[in-house]
Amino acid sequence: LNLRARRTLLLVIGFSGLAIAVASLADMFVRRPSDGVVPYPYGRGGILVREVAHASGAAAAGIRPNDRIIGIGRKMVSTPAEASRELLRFRIGARVPYLIQRPGEPYPATVQVRLSGQRLGDPTYLYEAIIGFLFFGIGYFVFRRRPDDDAVAIFFVLCVLFLLFFVCRLRPSSYWWIDVFVQNTGTISLFLLPAVFLHFFLVFPRPKRLRFADRESETDPPAPAWLRALQEFLNGSRLLYALIYAIPPIVFIADLRREILGRPVAMLSGAPLSSWVLLGDYLVLGLAALAHSAFILPDPRERRQVMQVFAGTILGTLPLLVFGIIFPSAFHNDAYVFWGIAPMIFIPLTFAYAIVRFQLLNVRVIVRRSILYTATTAVIFALYAGAIAAANAFFSGSRLSSSKPFVFGIFLVVIPLFEYFRRRLQTPIDKLFFREKYDYQRAVLEISEAVAGQLDIARVADYLTAQIPSVMRLSGAEIFLPDREGHFAARGDREERISRRSGLAQYLRGSAAPRDTGPLRGELWADRESREFLAELEGRGFQLLLPIVYREKLMAFMALKPKLSEEKFSRDDLVLLETLSNQAATAIETAALHDEMTQQAEFRRDLEIARDIQTSLFPREFPRLPGLRFAGGSLPARVVGGDFYDFLSFESRDRLGLVLGDVSGKSIPASLLMVASREIVYAGSRSFEDPGALFRESNRRIYEIKRRMFVALAYFLIEPRSLAMRYAIGGQPLPLLVRSGNGGVRPLDAPEFRLPLGALRDVPYDTKEIFLRPGDLLFFYTDGFTEAMNAQMEPFGEERLMESLAAHASPDLDGTARGILSDVRRHTGDMEQYDDMTFVLMSVTEGGRS
Amino acid sequence: VKNRKIRGALLAVGVIGAAAVAAALWLVPRRTLTTTSASARRDYLAGMEDMQRVYLRDAEQRFESAVSKDPDFAMALVALAYLREPADPKGARELLARADRMRDRLLPREKLIVELAQADVRGNWQEAGRVAQILKDEYEEPRAYMYLAKRATEQGQTSAAEAIYREWLENDPNAAPAYNYLGYAAAYRGDFDTAIANLKKYAFMAPDEANPFDSLGEIQCAAGRYDEAIAELERAIRIKPDFEAAYEHLGLAFEGKGDLRAARANFEKAYAMYPGGYPKFLAGYQLYLLALRQKDFAAARDVIARLTQLGQEPARSAIPFLEAALESEEGHYQEALARLAEFRAPPGDDSKYASDYEQSLRLLHGRIEFNAGHYRAAAELISSALADPGRNRSISEMLGMMRYRALLARALAHLGDLPGAERLIQVNRRINPNYPETTEAAAEIAGMARGK
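Those protein sequences? They're chains A and B, same order as listed. Residue numbers for the first sequence follow our numbering, so the first one is 1 and each next one is one higher. Residue numbers for the second sequence follow our numbering, so the first one is 851 and each next one is one higher.
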């Protein structure tokens, strides 16, 4: 059956049972003559008297239990139907002759018939009917809330059968056909009851799993096949349930056959003895199953619930076993059957308490408010009654005590206290009856307090992964935090991660509500990364994802394993998780902000260090050499630039090295690379006079330091005496030369290989050479000049630079520099400087050549 | 039909239709009696119920009423014929002839009932038996059970009759005649508990009829439950004040209880009420025995004189016996034995009582021999009479048997067979632990045993 059909079927069964029970009671109000005899319903050859109602006509006539009525009126009767037919001939109040068969010989009696409804006045039956309806009420309450739960469905059927058993089977019947029908229904329920009872305790609070044939470790020898088969059979196999349900009908049919064949069927309290014995056997098995659950469940809280139900069921059923089944069947004494049935009220009461106290069967309790208001009303009433009593005692004898306005005045004084008491009682009531809710509220408070002051994301994450499973009794949890590489990675295992751009991450951003992994995997089927990630999570037993979202930004998410109790997550659970998620999101955001601020502070400090390093690379003063003048500077694009220049002096003072560099990236590593490059070139310059050779060697060393970081270098070796300048250029723009006279501006000749250093392992850098003349002006620069953009994203370019240099070239090197920089700024306008601009101006004076 | 909804609707209509047809067939009453008048039908059914309770006068009135409302009501005509047949055989035949004229309109069961009645009236036992058997087997017809049981009884097949009555009761626990018969049958076997149980049921079903209470009182008396017997018999007399047998049984009960004056008074009433014949003789005989027990020989002679005055059989033939017994009680043994030799069996073909008569004489002879001190002869005569099973006896005859069994025990004791005597006393006590003559005999035997 699908769930809907099953729900409908169960409702039909339940309400049919209820209708029969109600009809059974309503029938008692029908005006019919009754003699007060409660017959055994299945007798033939006369009506065997089971009970005689107190103060009835039969009691007055001296009819006793176990008498057999063989004649009513002037007719011999052999069945209740015949008795009913005869009795209906008489009016209420008539005195009817009866013939009673007792051991010995028939005994004539005269019975005054009365109204049949007097049967209901029997307090024993009233009590039993109340138990029956209590069962039904509890069963229906649970079923309405969790109609699709297997255990709840069985519990509901069990309650309906209990209703039929109490209201119909134990009904003080008369001879009317409705009694026969009702009592037969009750008898059938008595036959079915044990099977359903046992079934319920085999699946409550969850299906039993016996493991006596399992191996404890892989090295253990396997259990014998028959033992494994037995374990499989006992662990909720279809055959087991078929057997449980098949036995009662077989016994019932066997009894029916005996009845039809006229053989005696042993009866007890109006029902076949076999049904009671069956009930006893199944009760014992059911209690054993319940005891098993009470001792082996992993969750202590759940063990407490089951232990309570176990205690209630024992209290309710043990007297039934002793007084209702063992006593009558072994000692042929059914005088105490009522004392066996009476304590059965403990069963529904225990269930009711467990449901309210522990939300047994996962029922969300709606009675919280009712209990609160009932308790408050009781307190108020007690207060009011106490106040009235005290006032009466205090003012006794005075007119005040009998004054109605005085009483009303006390009422007015007491009533405003209602709200006060309601607030006061809420916590104790939650603590007593709604422990889980109370625990949840406390957990939210504690977790909120704990994470609120926490500025370390790792600690927040660790706290959440420890506390949530503990509060909710989960089998495990994992948190996924964003890493620096654009992923959400498991806190415990960095390899387990998913991209921040994945479908799952995008999906989880939408809401902080927990999500089941199963449906999510379906929805995100198209996204392979998400699908595989979810499948892996499920493979590890995770079931629920809890997004931690702050202002539509996924801060992190948690993966949760199922509850230890194997119950589904209730609405309370989900609400709690969402609340915790919001708390965690705020905490993580705060921690992240704090982290970012810390990082920024560190970054700023790093930058300062880098700037110090870089600044230290620039020459503090220009070299003083005859025939050569220098000017230079660097305009960093941000706080620190990647450009540098330096002069390398040699001991012989016949040469001067100029290094101009541009390291990719603007950070401490870049600065350090800059230092390293400078040192490499500096050291190399001592060994290699040829700039190309120096670059080839330096390139190899820089390549080994850090791959994927390049250094654009230009090295110029100037001999002041000869004004010869040899150079190698790797990745740097060609310096511009303004020849003396009106030679114009042109770039220096380009070497054949100009790759930046560190890009490839072996680059055959070559050396170019130029002979300078007095009056020449050289402009060494980095690409920050040519790549300076204006608003239209047009670079300043080499052409403009050459024009600017031509326009501003003069012996005043500082003026030249200002002019060029001014042109560049004019070109870029308000645009932020894109890159460092570093330059060196070198002019050759007349006294240069020697 | 492929559409599931239409298929379901058709199925539902079919099921409901079938249920409606079944209900209609069940609810429409089937004709069980051929009559045009509903009132006549009601009268007839009430009459049959009265018949079952043996309220024969009430039943006759009901049947007459039914016939007056529907003159062609064959079953009412048959029932009326059955009731009138003993007193008016010719009228009964005419009624049956009227019923037979309706034959073509009758149901098969009714036809068979008419056939049974005609065969019975004509004395065609074989045919009547055949038809009754069919009616019993096919229709469980009460009249068939009654006829078959009656025939079995008349043929002396008492166990067959009992079986038929038991079968009848299994099919209809309200068959009062069956309780009556089975009650007496059990009493004749000495099973008074079963007898009383059956007769109480009979009395419960027919509380306005004197007969069941008389029967019940008679059997309670035989069982020694004299107080209960007196109550039931007085009830019978209240219902039917001219019920001779009830007075006779009440006399026996009072005698058993030891109230001989009341016993005599009731025997006298019975004797006065009986018109004649064997019952009147028996009532006189009870008076005679009571006088002998009281050693009131004058009264005994008075009874003999009154019986002589009747001038009827069987009293006339029994007079010599009565006189012989009286003489032997007075100590004139030779005269008594001489009178016995004068005895002749009563004339006529009333074989019904012949063997009883002979047995009674043997018992009286035994009593005379006992009184003469001829214990061996007495023992032989009495034991041979008691050993004769004979027919089913009346309860008063059963009491007489107990009286002679006590006498036999005394004879055996005198002959020295004390264990045999004790056994006979026990037999008597099992039947009736309070029978006075048993008690007297037991005391005498105990004294003899002590003396020995």
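Worth flagging that the hints you see were computed from the coordinates, not collected in a lab. Note that the coordinates shown come from a computational prediction; the quantities given were computed from them, not determined experimentally. In this text, a Cβ means the ideal position worked out from N, Cα and C, and glycines have one as well. Treat the hints loosely; a few may be bogus.
[Claimed, not checked] Residues from chain B that face chain A, not an exhaustive set, calculated with beta carbons under 10 Å:
{"id": "1", "residue": "A888"}
{"id": "2", "residue": "D1022"}
{"id": "3", "residue": "N1024"}
{"id": "4", "residue": "N1048"}
{"id": "5", "residue": "K1051"}
{"id": "6", "residue": "A1053"}
{"id": "7", "residue": "A1060"}
{"id": "8", "residue": "F1147"}
{"id": "9", "residue": "R1151"}
{"id": "10", "residue": "L1187"}
{"id": "11", "residue": "A1188"}
{"id": "12", "residue": "A1191"}
{"id": "13", "residue": "P1283"}
Here's how the hints hold up against the structure:
1. A888: Violated. Min distance 19 Å.
2. D1022: holds (9 Å)
3. N1024: Holds, about 5 Å.
4. N1048: Nearest chain A Cβ about 9 Å off; hint holds.
5. K1051: This hint holds: K1051/B lies near chain A, its Cβ roughly 6 Å from the closest one there, short of 10 Å.
6. A1053: Since chain A brings a Cβ to about 8 Å from A1053/B, closer than 10 Å, the hint holds.
7. A1060: violated (16 Å)
8. F1147: violated (42 Å)
9. R1151: violated (43 Å)
10. L1187: violated (47 Å)
11. A1188: violated (50 Å)
12. A1191: At about 49 Å, which exceeds the 10 Å cut-off, the nearest Cβ of chain A leaves the hint on A1191/B violated.
13. P1283: violated (16 Å)
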